[in-house]
Structures are given as structure tokens and as C-alpha cells.
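Given only the sequences and the hints, what does the whole structure look like? Please build it.
Read left to right, the sequence shown gives residues 131 to 301 (the numbering used here).
Treat the hints as calculated values from the structure; they're not laboratory data. Be a bit skeptical, because a hint or two may be false.
Derived Cβ-Cβ restraints for the label pairs, each shown as a range [unchecked claim]:
id, residue 1, residue 2, range
1, Ile-194, Met-214, 16 to 24 angstroms
2, Tyr-184, Asp-268, 36 to 44 angstroms
3, Trp-203, Val-166, 38 to 46 angstroms
4, Thr-239, Ile-151, 28 to 36 angstroms
5, Ile-170, Phe-274, 20 to 28 angstroms
6, Phe-274, Ala-198, 40 to 48 angstroms
7, Tyr-169, Trp-234, 38 to 46 angstroms
8, Lys-299, Thr-239, 13 to 21 angstroms
9, Thr-295, Tyr-183, 19 to 27 angstroms
10, Trp-231, Ile-204, 40 to 48 angstroms
11, Arg-298, Gly-199, 33 to 41 angstroms
12, Ala-291, Trp-231, 42 to 50 angstroms
Computed from a prediction, not measured in an experiment: that's the story for all the values here. Glycine residues also receive a C-beta, built at the ideal position from the N, C-alpha and C atoms.
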Amino acid sequence: MTATASPLARPGFIYSILLAIGMAAAVGAALGFQYVGGYIPCALCLLQRQPYYYAIPIAILAAICELAGLPNWISRAMILAAGMLMLVTAGMGVYHAGVEWHFWPGPATCSTTASSMTTNAGDLLSELNTIKGPSCTDAALRVFGLSFAGWNVIAGILLAALAFTGVRKAA
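Quick look at the structure:
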């Protein structure tokens, strides 16, 4: 009788859970800065979050596949997909950081600046049509010289490296 490893100890499960937690922490930090810190995201900031929104469920589904005992190529493919999405968000972060440093122009939709929101509920509907998000060319905050876009590049690359390591280890 051979002993089989618990699905919880399989590398595919461990890496998919670590990946889901890391991605949730990254996008959670962005949401925290928005809703707690009051930093209004620009259009490019919002676009950079989308790969996280797709990759987190994929990583969780990979963990479920490992728990269900499905062939590891299935979870490896999902971890690979999540890693590729992290490279996409890192690439979007490079583009956004380049816009902030004025290396190249940003999209035309990002050329406006944010106005303050009204406190009058009666004016809210009319202002929704006129208020635009903040400019993509101005970093709302820099920590150690990096804007949110720059930190997203680092997070995306680290999470992609974690995913690709997980694909290799789960083989």
C-alpha cells in the first residue's frame, strides 16, 4: 500500500493559495488606498486592477482542482494563466509609470483633472456627467520614489515569478 500525499501538501495547491493571497493583498491595498485613504484612481489605475480580478478566481479554482484530486496539469495551466495575467498588469504598470514620468503620452481620456464632489445630493446626478477622474499623468502618491503604478509593476513581477515557480514545482 502506497501513501499518497495530502492535496493540501501538493505544490500546486500551496502555490495557488499563496498566489491568490498575494494577489488579493495587492488589489486589496489599492482598494484600501482608494476607500480608506481617499486616493481617487485614474482610468489607468482602474485598468491595472482588472487582471487581478480575473486571476484571483483562477488561482482559487486551481486550488480547488488540487483538492478535488484532478490531474495536476489542470491546476498548473490555471496557475500559468494567473501568472500571465500578472505579467499583463505589470506591463500596464510600466506603461502607466511611463505616462506619469512623461516618457510618452497617456490616453486622451486621462488628460483631465478631478474636481471635488458635491455634498449636495440634488447636484450629484448632474455632476456624474461632468466630473472626470484624476489625470493619469500625475502620481497621487510616491513611496520610496515609486507611484502606485510603479509598485504594481513590482507586485506583478513578483506574483508572476511565484506563479511560474509554482508551475515548475507542481510538475
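Taking each numbered hint in turn, which are not upheld by the structure, reported in ascending numerical order?
2, 7, 8, 11 and 12
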